[in-house]
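K.L.:
So the protein sequences, as listed, match chains D and G.
Going by the working numbering, the first residue of the first sequence is number 6, and it counts up by one from there.
Going by the working numbering, the first residue of the second sequence is number 4, and it counts up by one from there.
In case anyone wonders, no lab produced these hints; they're calculated from the structure.
Remember, predicted model here, so these are calculated numbers, not experimental data.
Reference listing, derived: stretches of chain G covered by chain D, where coverage requires no fewer than 3 residues with Cβ under 8 Å from a Cβ of chain D:
hint, stretch
1, 47-58
2, 108-118
Quick list of simulated restraints, FRET-style, between CB atoms:
hint, chain 1, residue 1, chain 2, residue 2, range
3, D, T91, G, S75, 32 to 38 Å
4, G, G31, D, V57, 26 to 32 Å
5, G, S21, D, G21, 49 to 55 Å
Virtual Cβ for every residue (Gly too), placed ideally from N, Cα, C.
Listed below are the residues making up each chain.
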Amino acid sequence: DAEITQSPRHKITETGRQVTLACHQTWNHNNMFWYRQDLGHGLRLIHYSYGVQDTNKGEVSDGYSVSRSNTEDLPLTLESAASSQTSVYFCASSDPSGGNTEAFFGQGTRLTVV
Amino acid sequence: AQSVTQPDIHITVSEGASLELRCNYSYGATPYLFWYVQSPGQGLQLLLKYFSGDTLVQGIKGFEAEFKRSQSSFNLRKPSVHWSDAAEYFCAVGAGSGSARQLTFGSGTQLTVLP
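Generate the whole structure from the sequences, applying the supplied hints.
P.N.:
Written out as C-alpha cells, the structure is:
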C-alpha cells in the first residue's frame with residue numbers, strides 16, 4: 006500500500022545543531038507539507054511544496070528550510086536548533102487533481118531540543 | 004487569509020451520549036472542509052470532508068458533519084459515543100486555487116469519554 010513515512014520518530018538534539026527530519030511518500034503526490042503541532046496551537050504550516058524544485062514558506066517558517074529534489078521526498082532542516090523548536094512535526098501529502106485538498110499524514114516526529 | 008476556530012478546547016461526554024464538536028471557519032470563497040482525528044502518539048486520520056453538494060456529509064466511525072454557509076460552521080456530530088472515540092479532533096479548511104491548495108487547522112478539541 007502507498008504510504009507516507011517519517012524518520013526518525015523521536016529525536017533529541019542540542020541547541021545550535023543542524024537537524025534534518027525525513028519525509029517519504031509513495032503516492033506520487035505533487036503536494037507535500039510540513040506542520041508542527043504544539044499544545045493550544047493545533048497544526049501550523051512550516052513549509053510546503055507543490056512539485057519538484059518548488060518550495061514555499063508557511064506560517065512559521067523561520068529557522069526551517071526544505072528542498073524538493075524528487076516527488077517522493079521533502080526533508081525538513083532546522084539550521085540551528087533552538088528550544089522553541091521542540092515540538093511534534095508532521096509531514097503530509099496531497100493530490101491536487103480536481104482541487105482536492107485532502108491530505109495524508111505521517112506518524113509524526115517528536116523532536117526535543119535541549 | 005483563511006482561519007478556523009474550534010471554541011471548545013476540551014469536551015467530556017459519557018459513553019453512549021451524543022456528541023457535537025464545533026467548528027467555525029473564515030474564508031472568502033467556497034471552502035473545502037475537513038475533520039481529522041488524532042489518537043495519542045498517532046498521525047491524523049481523515050474522518051470526513053465537504054467539497055460541494057449535500058451539506059450533511061457522512062464519515063467513518065459513525066461521524067457526520069453539517070456545513071452551514073450562513074453560520075460559517077462545520078460541526079461534527081455522533082449520535083452515540085464509544086470509549087474508542089476518545090482522541091483529539093481537528094477541523095481544517097482547504098484554501099487556494101488549482102493545484103496550489105493547503106490546509107489550515109483549528110487548535111483542536113480534546114474529547115474524553117467517561118465509562
